[in-house]
Amino acid sequence: MTASAETQMTSRRRSLLQDERIRGLILQILVAAGVIAFAAFIVHNTATNLARQGIATGFGFLGNTAGFDISQHLVEYKLTSSYGRAFLVGLLNTLVVSACGIVLATILGFLIGVARLSKNWLVAKLATVYVEGIRNIPLLLQILFWYFGVLATLPSVRNSLSLGDVVFLNNRGLYASWPIFEPGSGLVAAAFVLGLIGAIALRRWAKRRQDRTGQPFPIFRAGIGLLLGPPLLVALLAGLPFSWEHPELRGFNFSGGLRVLPEFAALLLALTLYTAAFIAEIVRSGIQAVSYGQTEAAYSLGLRPRVTTRLVIVPQALRVIIPPLTSQYLNLTKNSSLAVAIGYPDLVSVFTGTVLNQTGQAVEVIVITMLVYLTISLAISIFMNWYNRRIALVER
Amino acid sequence: MAEAMQHYKPGEHPDLPPPRESVGPIAWVRQNLLSSPLNAALTIGSLYLLYLVLPPFLDWAIFSANWQEGTSRADCVKDGACWTMVRARFGQFIYGFYPQDERWRVNVAFLLFFVPVAALLIERVPGKRYFAIFLFAIYPVIAYILFYGGLGLQEVPTARWGGLMLTLILGAVGIVVSLPIGIVLALGRRSALPVISLICTGFIEFVRAVPLITVLFMASVMLPLFLPVGVTFDKLLRAMVGIALFGAAYMAEVVRGGLQAIPRGQYEGAMALGLNYWKMTGLIILPQALRIVIPGIVNTFIGLFKDTTLVLIIGLFELLGIVQAAARDANWIGLSREGFVFAALVFFIFCFGMSRYSQYLERRLHTGHKR
Amino acid sequence: MVQLKMLTAGIAGVVFSVVGAAGAATLDEVKSRGYLQCGVNTGLPGFSAPDDQGNWRGLDVDVCRAVAAAVFGDSEAVRYTPTNAKERFTALQSGAVDVLSRNTTWTLSRDSDLNFEFVGVNYYDGQGFMVPKDLGVSSALELDGAAVCVQSGTTTEKNLGDYFRANGMELRSVVYETSEQAVQAYIEGRCDAFTTDASGLAAERSALAEPDAHIILPEIISKEPLGPLVRQGDNEWADIVRWSLNAMIAAEEYGVSSQNVDEVKAGTDNPEVRRLLGVEDKMGEMLGLSNDWAYNIIKQVGNYGESFERNVGLKTPLALARGLNEQWTKGGILYAPPVR
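Here the protein sequences come in this chain order: G, D and S.
Under our numbering, the first sequence has 324 at position 324, and the numbering climbs by one with no breaks.
Count along the second sequence starting at 1, add 1000, and that's the number in our numbering.
Count along the third sequence starting at 1, add 2000, and that's the number in our numbering.
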């Protein structure tokens, strides 16, 4: 080999190292190897630790009898139910408090967001104070405040505040009369579902007709009629298949009727008020993002202010509002796990708390919990992405 | 009208005062509070709401409150708030169970922290670089020795740290550690190398999908299982790791927003100058991207700071935890509201201060783009 | 980044501690380390709680001190790791502590499934209920439909369910993450009753603003033998902890206390006591310790009776009677196997 060929070789080798793609490849292999090695290290340690402690792995424990009580259960749950059942109860409790929170926080948040832009000085200032005050105080503090600072100071069971004999309020919760469904109420439900389908169909038809002929249709009033009419009619025909169950003081506590636990109330209250402050800011900036020219243009076309708001401003503002709103919904759902601080039996409290302690299956329990939250997050973001696409600007 | 009509030459008409109805407090009230029947109703409603909330609260918190010193609930004779409790417990609220004789160390550590921070935040102060070097390179060592002990100082185990001091330590460590990790993650997510991008994206999305409390549970219950046999971590350190990693994922998304906002031309320009990736990122892209997202970063800091309260669930007594513990003391039983209001005020001052500073920065940094 | 590394390195240097392989030879580990790492409760008056000076005191803490006295001849060579109900088992499993002495109930599943070894019982307890006096309840069987505050993740929670189920009563439990929260909720009237081990009830009641306004119901609904535990698989170490506890119990039986141990050691003819105090035979060496191991325990920590009276006895705020925790010779069930 001649000297010149040798230099050529080294220079090629050097150029290989200088080639960005090769370097990128090497870097990726190194990083991937590092991450895999790290993961293997963790898995190895965990396996060694578990083996050394002789902890049985697997999900068989979900079938064992739980044997502890859960204060709020939406599906049937007894002391003899399994850990799997307890998981389901906890999951449903998380979902119900999140769903209620999302609905209430959205309503309150929109109201306050609009109030911040109000021409009324006092209303705008009050809304600002609310937003700044709530946003800068930790949520956990607010939850504890409502639970220990407010709801715990309500009168005791025997001195309950009452409204007629229908609603009772004390430091163990809110009790109210609740309908019991008797045979025949299934028909009412069926009528409601039929009405709902009819209302949706009518709305589609009305929209198509308006697109075609320009004739508007009083869809709102007709829709309400369709939703309420048939169930009411069926209920009357079936002879009102409900009876009311009233709460009654028996022994130490009220039983019967609807029971709202103070843990639930405190958590819902705090989540709603806290998230509403963030939603209000999102709504405000969304509305402000719609340029004033749009309003002026709408007025010059002869649209009235209310119609302008409904047909011009809101649809455009929504496009700005939806993406951050999604992350607020996600935050609210995740924040509902703070239930553990006040003993509301949500997923984290029941499953990652009690079940983990009773069974000692730390790895399985935490993996399941995280998977659940991942799924919820994914579901909410898929739904909101779909909604976002639907209302997104269609370029013509 | 006709006789009042006076003729002026064009451009010589004297300035007239505005119509009486459009100036002064009455006009202001009319315009801002009573412009329409709906508006008037809203005003009345708001006033009623204020009337319902404000006088009782002020009465409770100030006028009928107990401000004197005392040792138990019995010393609170008036109906209002019992601030006596906060006074009696003040030391604990600030320092936790830190030994009385050693508390000067905490004071010195915070003084050494806040002076350079203030110097960095206030524009007029010169020599920012030296303050920054001190704060990031020298200060952590000093603070560590002051808080924990060593060099002749008595050792104070982390189990005795608590109160506002612990809140601030957790917040500061979380902020200082999460920012660099967040930047690295954001760069990784935007990387053209698929493996790196995948790993970073996976980490960010996973952490952002789960609640902090499960991360903390994992740090406190599962971390010992992840480590080799016999290796253990201090509980506080485990909480710090959890908070910092959690904050880093959120920080990464904020930084990514900044990176995406940098026009393509900046990248191309840097490459045309022959800069390699690291030089391009370090000298051209990051300085601009970070500048854009400073408000977002500060907002993440605020969130992180508020989230430090969650460590009370895994049994660390930060400010909120110690306030709650005080309400369980037999001497002060049932006084949870006073403690919560005090803690809320402290958190509000810190968070509101930070958010005001971020708004100030936003206004200052946006001067160039203002239309 | 450099600064960051320095920061982490600084913290890691001292806080991050490698306690070494917790495999076969815990004793060697402990000896080379120079102190015992003991897991205790985060704060249960009388059992393990820090006093005004921050020193740990209590019945459970005395077990740790006894082990340290046996191993090092110095009962202060202990570092305490406060653990909550959730962390305690991982702390022992991972080797963060050598002994867990934290009012932990000896159960079959913990002994087998969690792979621990309970070495004895230092307090025979049972679960009970505390109710406000003005509730007008005198028996736990009258609690049908009552709201009961309880701490999550303990045997207590399951016993509660079992008891109500067995007696056909309706239970409305309110479960809190920590015992402190459960007590607070009970005080605020969220629940009619609070339940935990009877000793814990006494401890919590003594800390209430008006202890006399609350009563502890007579029913004891479960057996809660509380004792120290170690990792399974190191029998030598388990022996040391077991016999440290037994030495305290035996010492009381033979009337040896921290006050008279020197005189007894010099003058006794009782062969059992002579063996215990290392005057005769070489019991300590059999355990891998020095022969004055038990002497050190008794001298520095005291016998079981002394520890009981000092921490939870009638003269303390807890005012617990000996009850089951009396020597077998006096009607209790404390029974140390012979030192032979």
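Hints should not be assumed to be uniformly reliable.
[As the list claims (entries may be wrong)] When the alpha-carbon atoms are kept at most 30 Å apart in a straight line, the in silico DSS-like pairs for lysine-lysine are as follows: (1) K2223/S <-> K78/G; (2) K2031/S <-> K2223/S; (3) K2299/S <-> K1078/D; (4) K2315/S <-> K2330/S.
Hint data in this document are derived by calculation from the structure and do not stem from the laboratory.
Only a predicted model underlies this, so the values are computations on that prediction, with no experimental measurement involved.
How the hints compare with the structure:
Proximity of K2223/S to K78/G is assessed by CA-CA distance (about 24 Å); at most 30 Å being required, the pair is judged to hold. Restraint check for K2031/S and K2223/S: the C-alpha separation of about 36 Å exceeds 30 Å, so the hint is violated. For the hint linking K2299/S to K1078/D, the alpha-carbon distance of about 54 Å lies beyond 30 Å, and the restraint is violated. With a C-alpha separation of about 20 Å, the suggested pairing of K2315/S with K2330/S holds against the 30 Å cut-off.
Hints 2 and 3, counting from the list given before, are not met by this structure.
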